[in-house]
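**Student:** Sequence:
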Amino acid sequence: MSRSRFKLTKKKSFYFAIFAVFCYIFFRVEVAVLTPMFSESQLFFKRYLLRTPGCSLPLYDSYHWTVGLSLSEDVPYERSCSVQEPNILAQHFGRIFINASALRRLYNVSQLDTTCYYREVLRNESAREPDNTPMLGPRVPLELGDRLNAEYVQVTCEAHGKSLFKEYFLLPQSKPLATNDTEANGAKPPRNERAMSVLILGVDSTSRMNFHRHMVKTGRYLEAELNAFEFIALNKVEDNTFPNLIPLLTGMSGSEAESVYTRYGKFDPLPLIWNKYKLNGYTTLYMEEWPYTGIFVYSTFPGLMKVPTDYYPTSILRMMDDENLQKKKCMGSRLKTKVLIDYLADVLKLNHERPMFSFVWLTYLTHDNVNGLQLLDDSLELFLRELATYGVLKNTALLFMSDHGLRMGSMSMTEIGRYENKNPFCFLALPKRFLADNPVAAAHLEVNQRRLTTNYDLHATLIALSEWPKFVPNSTDKGLSLFGPIPPERTCADASIPRHFCACLDASRSVNDPKVSLHFALHAVDYVNALAKLHFQESCVVWQLGSVDRASILGRSADDAVQLRVQITTVPEAVFEVYGTLGTLSLSVKSVDLVLRLDKYANQTTCLPRSRWQKICMCKSYLLSRSSTTRETLSLRLGFW
689 MSRSRFKLTK KKSFYFAIFA VFCYIFFRVE VAVLTPMFSE SQLFFKRYLL RTPGCSLPLY
749 DSYHWTVGLS LSEDVPYERS CSVQEPNILA QHFGRIFINA SALRRLYNVS QLDTTCYYRE
809 VLRNESAREP DNTPMLGPRV PLELGDRLNA EYVQVTCEAH GKSLFKEYFL LPQSKPLATN
869 DTEANGAKPP RNERAMSVLI LGVDSTSRMN FHRHMVKTGR YLEAELNAFE FIALNKVEDN
929 TFPNLIPLLT GMSGSEAESV YTRYGKFDPL PLIWNKYKLN GYTTLYMEEW PYTGIFVYST
989 FPGLMKVPTD YYPTSILRMM DDENLQKKKC MGSRLKTKVL IDYLADVLKL NHERPMFSFV
1049 WLTYLTHDNV NGLQLLDDSL ELFLRELATY GVLKNTALLF MSDHGLRMGS MSMTEIGRYE
1109 NKNPFCFLAL PKRFLADNPV AAAHLEVNQR RLTTNYDLHA TLIALSEWPK FVPNSTDKGL
1169 SLFGPIPPER TCADASIPRH FCACLDASRS VNDPKVSLHF ALHAVDYVNA LAKLHFQESC
1229 VVWQLGSVDR ASILGRSADD AVQLRVQITT VPEAVFEVYG TLGTLSLSVK SVDLVLRLDK
1289 YANQTTCLPR SRWQKICMCK SYLLSRSSTT RETLSLRLGF W
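One rule links them: number in my numbering = place in the sequence shown (from 1) + 688.
Simulated from the structure, these hints should not be mistaken for lab results. One or more of the hints may lead you astray.
Claimed, not checked - Result set (EDC-like, lysine to aspartate or glutamate): computed pairs, CA atoms no more than 16 Å apart in a straight line:
1. K1026 with D1066
2. K1016 with E773
3. K863 with D1066
4. K1288 with E761
5. K863 with D998
Keep in mind that this is a model prediction, so the values were computed, not measured.
Input sequences plus hints: build the corresponding full structure.
**Tutor:** Here's what the structure looks like:
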């Protein structure tokens, strides 16, 4: 009997393997062949999500077969944390307690035999890059159960002269209110009890469609309980996080912010939105979950020179990542993201009687995995319910949003994925009294849910909120406040959205002449190779054109040159999307305007220094380490021949 079961199991395994191979081949054929065949038709959508004179957005099926394989991708993060050693310590209202039974079970020692110490995690203000240089304060004996006055701490415990474990804690502490002393420096005390708190809660790389796939409970709570406005046509304005969040935080473009950095050698002079709130007497918080890829350490930038806000846990988050990059998503057996959500809730409850501005950006679970978002649904719904129960949301404007959709991986190589990348989710929930006091603004919000909007508009909206109850929804250089009218005729050009990133349906059509797309694709590969050599000398492989996966004509320029978008696969394997112009008569390439990398490449660029140009490279050392590559193929791909 057991032998027959064994044979049956082997047969099932064999059939499962055949099925898995078939699914993989089917997906590759879909990406390389079927999707381009149908990309210029309306087979993928039959209705419109938005249809105004200025912009039409397609209504796609969120579970269309072309994205099916991507949506089956595993999400191992929570499992990888749960198998870690459980946390021995826990904190509650600034007090740290020990789990005596877990201590006995794991370390075979009693609480009486255990001595614990804490050290403050500090920002090294004398360092060249304070944001990137955490430091520890002196070691202090920890009395378990006593309230600590330290804000960010590292705790170590030992028994019988042997070190047992190390844990980190974020302990919310009250901050001093603005006083006459600070008023002399420009800050004002809170103007009146009607001042409204503002919470910007961001989840990285999350499209509107993916939010509705995975955040069912949170979405239902936002709509049914908080009556949130959903801005379905929020369009990103640039490629990645930095140039999309700079417009939100400053009203400036990413390139304008870089010009400020070039002039002053730091980002501190930027008109960051929390400074405006701080001048109006607000307590402020700024927290990015992933300090290595933070807004102001993007590329080779050094971070901020001065502490920007009252609550700023960058140093402890950086130290935790420095210590164990392989387990950066975990704090012991818990997901770090969930720990930080709990910390945020504690800070907001601690400050619920004073006006507070908070900017929080969560990254780990969603940056690389289209399905990681599902791990946040329960936690964020509970977070919102907890704040509502405590009364925090009665006087808080909640802006819940993302910067863009998923930019890399198999999803981004599909038509639907390319659209999702440009259309991040965005909700705005406002206190009932605000809407009752401002019926005209409420009416505009209702209409503007179905208007083309950007982070420039969100910035103008935040400026208006900072002056509440004095309320004037003025526009800025590039943005229109959501509290005022946004014209239905608005186009991407009107909204300062480059054509490359515009989600609105255009009149693009497939390139009929393969010579045109091939000519441009070959030039694009040469261009990427030249860029790689310019920035990284001889560290990168030499790309060769593998295939032209799709090519579209976007329009014509004033001199009758053709504007193209071409997706190519190279050898060694990488996937690029390239935008540029091509002369119609001589097929001379006028320019390459933008190069995007669609496949995941982080593990291929570890030989490189921190740089925005990593996307154009695959390290030669990475290719050499792949044991399946033959010597001859290596020589060809590395450019030795």
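**Student:** Next, verify each hint and record whether it holds.
**Tutor:** Hints, verified against the model:
Between K1026 and D1066 the CA atoms are separated by roughly 10 Å; this keeps the pair inside 16 Å, and the hint holds. Pair hint K1016 plus E773 holds up; C-alpha atoms about 15 Å apart against a cutoff of 16 Å. A distance of roughly 30 Å separates the Cα atoms of K863 and D1066; the hinted pair therefore is violated under the 16 Å criterion. A threshold of 16 Å between alpha carbons decides the hint, and for K1288 with E761 the separation of about 14 Å falls inside it, so the pair holds.
Of the supplied pair hints, the one linking K863 and D998 holds, its CA atoms being roughly 7 Å apart against a limit of 16 Å.
Figure legend: structure checked against the earlier numbered hints; the only hint not met is number 3.
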